[in-house]
Amino acid sequence: MKPKDNVIKPYGDAWGDGQVQMSFTLPVPAGPTAMEAAKRLAAQMGLEAVQVVSMKDLHGFSHFILYGSCRHSVDLDQISVADAGEEAMTFEEVNSFIAEEIGRKIVAVGACTGTDAHTVGLDAIMNMKGYDGDYGLERYPMIEAYNLGSQVPNEVLLQKAVEVKADAILVSQVVTQKNVHIQNLTELIEMAEAENLREKLIMVVGGPRIDRALAAELGFDAGFGPGTTARHVSTFIARELARRL
Amino acid sequence: MSNQLLALDEEKVRKARHLARSIAQGVQADIELNTTVSVERTVARLYGIDGANHAGVPLANVVVDQVNGAGCLDRGISYWIANAAVALDRTPQQIAEECARGLRLTDLETQEPNRVAQAEEDYTNQALAAISRQRQRREALKEKLGLGREPLKYVIVASGNIFADVEQAKSAARQGADIIAVIRTTAQSLLDYVPYGTTTEGFGGTYATQANFKVMREALDEVSEEVGRYIQLVNYCSGLCMPEIAAMGALERLDMMLNDAMYGILFRDINMDRTFADQYFSRMINAYAGIIINTGEDNYLTTADAFEHAHTVLASNFINEQMGLAAGLQNWQLGLGHAFELDPKMKNGFLYELATAQTIRQIFPEAPLKYMPPTKYMTGDIFMGHVQNAMFNLASVMTGQSIHLLGMLTEAIHTPHLSDRILSIENAQYVMENARDLAQEISFRPDGIIQQRSAAILSQVVDFLTEIEAKGLKRAISQGYFADIKRPEAGGKGGEGVIRKGIDYSNPFMNRMQQELGIKTGAGKGRPF
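Read top to bottom, the protein sequences are chains A and B. At position 228 of the first sequence the residue is numbered 227 (numbering that gives the first Met the number 0), and the sequence of numbers has no breaks. At position 137 of the second sequence the residue is numbered 136 (numbering that gives the first Met the number 0), and the sequence of numbers has no breaks.
A hint or two may mislead.
As a list, the in silico DSS-like pairs of lysine-lysine whose alpha-carbon atoms are at most 30 Å apart [as the list claims (entries may be wrong)]: (1) B:Lys492 - B:Lys11; (2) A:Lys104 - A:Lys128; (3) B:Lys470 - A:Lys128; (4) B:Lys375 - A:Lys159; (5) A:Lys104 - B:Lys485; (6) B:Lys143 - A:Lys128; (7) B:Lys524 - A:Lys128; (8) B:Lys11 - A:Lys159; (9) A:Lys55 - A:Lys104; (10) A:Lys164 - B:Lys492.
Among chain A residues calculated to face chain B with C-beta under 7 Å, some are [what the hints assert, rightly or not]: (11) Gln20; (12) Thr24; (13) Met34; (14) Leu57; (15) His62; (16) Ala116; (17) Val119; (18) Asp122; (19) Val179; (20) Gln182; (21) Pro225; (22) Arg243.
Hints in this document: simulated from the structure, not taken from any laboratory. Ideal placement from N, C-alpha and C gives every residue a C-beta, glycine not left out.
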């Protein structure tokens, strides 16, 4: 029976069962001790009625798959997420929006900055082909897109932005080991401020570990995480530029 | 011999190979005009120069930069080191240490030519003997322990800390991995030097250093004995230090090297002349050391569409084959690359993957093909990712691939956790053993989707190579023929490290290797008038 209130927990096959699946590795060989350790950890993580459904020995390590019922719940009424309702426009809508509201092409420069050599995210947003059926910015008739590729120093990205009179800068950061991306993104914002460019540019960042909150904290106008396609980015840039004009 | 599920148009295969040979020859002329700072540092390293100065600059760089700064590198570093060694009665390493303290090699008096030549010959012999000993040792271990069964399971470790990498690598080998690749720290490809010593800090990977190579090879030798299989070690012979890494790998008995003729140009924006000269010497060293190279065509499909551009992979395989053979590699050393990258939503996508993989298998029957897993369409949905990898494993065993890089269910999320690697090994073991002899039981319909797709790709390859041959490889790259990426002929990183050879240039290693590998060019000698 589904209660009327907005307090929820994970759903297995019945309202309120709290079912959670979890897997992890412990740095001890499989055995009764490891099994008990896994159960206790799960209990500390808030699971009840923990069932270890698989324990495998990995030569000195042990791998667990377990189920349990989550004792915690969340009240949806307590949640407010910024901009949650804003829908992305389609490819056609973005182009006509730019034509009508801005009246000229938007210039966007994108790069994987610093030491990052992984262009898969940047290419998904910028390349003609795009990703998952959503065309990239290079295909937009109303966007002039420059994809600078990988390992672009922050100063080169800013130089290029000045050279082509960019409206927007797109930065992709895939490698996040030891938070190397934080340092790099902070440096970009500081350089832009020092060069007096920050206010003139819409600056956005994307990557698997990026979200809105992190982007805002670092001083970017927007952050795009997993699942983003070109129309999310183009919608944001077009609306933001229209707002600023 | 691979099975012959597809009927290939042999005339087209011959034509494609002929065109690729002509394309490779077109670049060879340029290769022979130039040397590079990296080629010369390789000679210095092979002469025994190791270590770094007080500022951490490798001594190989100290010596080569000094001679280059004096405008004398067009003669080759070999001469300058040998001349100094004779003049001062010191070893190359002692000379390099003196250079770090201010000795100027080009200020020394010219020594008697025969004595200098003799010194060059002695150092060269010593280095080649060391490489040969490692090659023999590898062959003996392979003989004694044997290798795993193809497709060989290849996994990566990438912790940043060589000692943590060792633990991960041993664990993977015990679970069934056959090949261990230590991913390099991001951006090492653009360093114009090779760092020194063991390292414990890296981003998305671990520095390739000679000391790290040694640590990992020793660990894998131990675990090889334990598991009763020779576990092969891979690193990256790419970027700005291709030949130096090759030399280090040859001395420390790496077994495979990622080593592509065009990858650096396309994906790292490295200068064309630099890459072509560097790849040539690096491949010659790999050839001599008995190392299998892995080429990087899989990358084309991450930036360009995998269906529309499948033929560019095969075309590049043909070019990499010819450039590899030109550098003295044998067919068994050519781990030509390709990938399973079609959109999983595509109807019959698996059939198209089979068509490409089987076509490449049949065209290069002796090559230990390197098959790369899905990456572009991997998402955070690890359950779906695990299934995509299972399909990849099936395609690989059905088409007889040799080097199989295991897909990780967490590909889109992080460098692999220990358990990710083991789940992937189990996935591959299950699928490959379950479908082991499937290919012997089936045939493809002559008018079917797979056969037709194969024929279409082969026709596209011939047209594509015909265009490239007419333009020349450099112009074709500059016009975006590969991976949808355009690189200017004269641009790119590391171009300042390309030096036109003088008439008195000499590189004793190139000369000796060319002789022993049966290569008919004069790249180790001076520029012809």
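### Structure-inconsistent hints, enumerated in ascending order
1, 6, 7, 8, 9, 11, 13, 20, 22
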